[in-house]
Amino acid sequence: MLDGITAETLARAQFAFTISFHIIFPAFSIGLASFLAVLNALYLWTKDETYLILFTHWKKIFAVAFGMGVVSGIVMSYQFGTNWSVFSDKTGPVLGPLMAYEVLSAFFLEAGFLGIMLFGRRRVGPGLHMFATTMVAIGTLMSATWILSVNSWMQTPAGFAMNAQGQFIPVDWWKIVFNPSFPYRLVHMVLAAYLTVAFVVGGVAGWHLLKDRTNPATRRMFSMAMWMAVIVTPIQILAGDQHGLNTLKYQPAKVAAMEGHYSIKGDNQPLALFGIPDSAAGELKYPIEIPYLGSLILTHTWNEQIKPLDAFPREDWPPVPIVFFSFRIMVAIGFAMLGVGLWSLWGRIRGRLFKDRWLHRATILMGPSGFVAVLAGWITTEVGRQPYTVYGLLRTSDSLAPVAAPAVAASLLAFIVVYFFVFGVGTFYILRMMGKAPGTPKLGLRDGPVRAAGISSVPPRNANLPQTDQ
Amino acid sequence: MEIELSFIWAGIIAFAVLTYVILDGFDLGIGILFPTGHSEQERDVMMNSVAPVWDGNETWLVLGGGGLFAVFPLAYAVVMPALYMPIILMLLALVFRGVAFEYRWRTKRWKPVWDFAFTGGSIMAAFMQGIALGALVQGIKIADRAYAGGWWDWLTPFSVLTGIAVVVGYSLLGATWLILKTEGALQERMQRYAWHLAILTLVFIGIISLLTPFKDPVYFQRWFNLPGSLYSSFVPLLLILTTWQLFAGLRARNDFRPFFASLSLFVVSFIGIGISFYPHIVPPSLTIRDAAAPDASLAFALVGTVILVPLILAYTAYAYWVFRGKVDASEGYH
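Chains as they are written, first to last, in the working numbering: chain A, 21 to 490; chain B, 514 to 847.
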């Protein structure tokens, strides 16, 4: 059954699978934690109950998503050792302390204040509750900062030396933490998380607007989400462009793969909108190209070309088709987001923001787009880093734990079954909660009594009332 | 000075693991005892008693793993493949039990499923942690900076024994936590369970303490050779003191004493294991010093740890303080 499938392939599949599932939740909770902090602050500032209704509504969704993020994250912190122990031994002295800082400065902050944020408003009062909510939001951002520093170091290692045991050892922590690709990646990812949540909130609001355009909470969240879409998307496209140029400088083979640029042809570099990369033949088949645009975007000149794949030894190529397609998916979603943002701005100017049913339908369609874009972006950068774990220095094949293929296959299978089951059900619960209009007192079984943490807007508890699941 | 950093770190990692064991110990214990709740309401109270703190508790497990990766990368790289299966099973079990906290409020039809996931996940996680402990005590074969044993080395009668012992011990922590946090019939029942669980836990501690010195001549030396054993004899004395506290607290029907005595039982056992292991981090051959990352890594991580861990302890204590007192079933404190 495992003929021809190596332990390395299985371990890579397992890491790809568990990290892909995991990244969905942080992307959601980074954005949502900031959104919740803003909602709570606006409520305290304006005393407008609409903000409290929204806070209470999204808080419950946050709690479920956060729980899923915690448990899938614990798995990640052990995956390095179980499946990539040689990588862990070699990079531990450099990357380990950064991860320790993530745990100490971010995870504990989130976990420590989450209980108070979710359940403690009445117990600690509005001031401390706001403080706790802010700490949770800061915790998610700190976590992003450290883990992106770790990932960026694997992409663009700096500030280290090697010791006799073949370990990377730290020389300059400043250079390690602020390695060349880190600032770009951090900005790009945090904005991606914000956009992801903006479009989730916008999609949920669009869904409810189709049914009832008078609910003030629905209108408020739709408006907020569309402001985010129109303001943040252009910034994100700019950040992505800058990130791409940084990658071109430090990981040119990755960019060549993203562009399907196998060899120098003609006197300028066209931008391939589409095509089928054929690495065996070393060319992009059936390309649809815009001449000169590739040169313009990548080199900021009229006819210079970037270093093509055939300038690199073949064993150093990343898997080109995956990188090529995932990059295009991400970029296409980015421009679709921009389109929806501009559409909403046009609607807002004409006073049709809450009336344009096609806009609402479009936002529903775009609701999950942020997740797809985040996954596609990560696939681009991670697969593009192959065949290395530490770019240019440590090959993936040399990073593997001495675990036999059947053991890796068994655990991979277990992860697939469990994750699809557990997180599938969780997603279902989240969607069901989102399906209720904000201000609905109960989002689930006995939800009113158990989760009610509001001050005055929450209906009185009646535990004996017959409950329905819907 | 330079060599001492690794020992400071061994102490910090030991502290993180111990903190994890006693904190997640009682909330895993709640999961293990969960089916003994007689009514829906009792089970709600049991779960609500840990709902605001469980993920903070579990973060110590991440610190244990992440910290090991940071400061003892070689130990991390050896132990994880050696304990591959118990660790993966523990992680999957924690997934089930962690999501149950939220999921069971979100459905009616599937509530029994998540109740089962909560209990099953808690038992499995506790059992696998015990197995991992037993496997470590037995020792892990290392050659050329990598695990050199087989895939089933972790599974022995001894490790199964430690696995069961941890399940029983966590139940004791859970029962005494519920004595502290609940009242009425549930508290009465936990009071009764705590007696039985305390006796069982002590029996397991006794058996394991007797077997451990024979697992490795080094352990034997540590415990039974004069004059060295004079230093380690304070452990059995502490154990006796703690046991007395536990039973006296239960007899007096005190809310606090049984819980803190049970925690102390774990602390004392942990110190005992530490004495057996020292100066190894992974018995029988990997020492603390050999496994340590370079001083530059240890020092950098230490700066943050010295500042942040006291802060963490302070706001964790604050969170416990906010949710202090009995869980009021009618309030639905959430």
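Hints in this document: simulated from the structure, not taken from any laboratory.
One thing to keep in mind: the hints can contain errors.
Derived lysine-lysine pairs resembling DSS-like cross-links, with alpha carbons at most 27 Å apart [stated by the list, open to error]:
#, chain 1, residue 1, chain 2, residue 2
1, A, 456, A, 285
2, A, 456, B, 621
3, A, 231, A, 195
4, A, 375, A, 305
5, A, 456, B, 654
6, A, 269, A, 285
How the hints compare with the structure:
For the hint linking residue 456/A to residue 285/A, the alpha-carbon distance of about 56 Å lies beyond 27 Å, and the restraint is violated. Of the supplied pair hints, the one linking residue 456/A and residue 621/B holds, its CA atoms being roughly 17 Å apart against a limit of 27 Å. At most 27 Å may separate the alpha-carbon atoms for a hinted pair to count; residue 231/A and residue 195/A exceed this at roughly 53 Å. Proximity of residue 375/A to residue 305/A is assessed by CA-CA distance (about 45 Å); at most 27 Å being required, the pair is judged violated.
Distance restraint check for residue 456/A and residue 654/B: the Cα-Cα separation of roughly 56 Å exceeds the 27 Å cut-off, and the hinted pair is therefore not satisfied. In summary, the hint linking residue 269/A to residue 285/A is supported, as the alpha carbons are separated by about 21 Å, within the 27 Å threshold.
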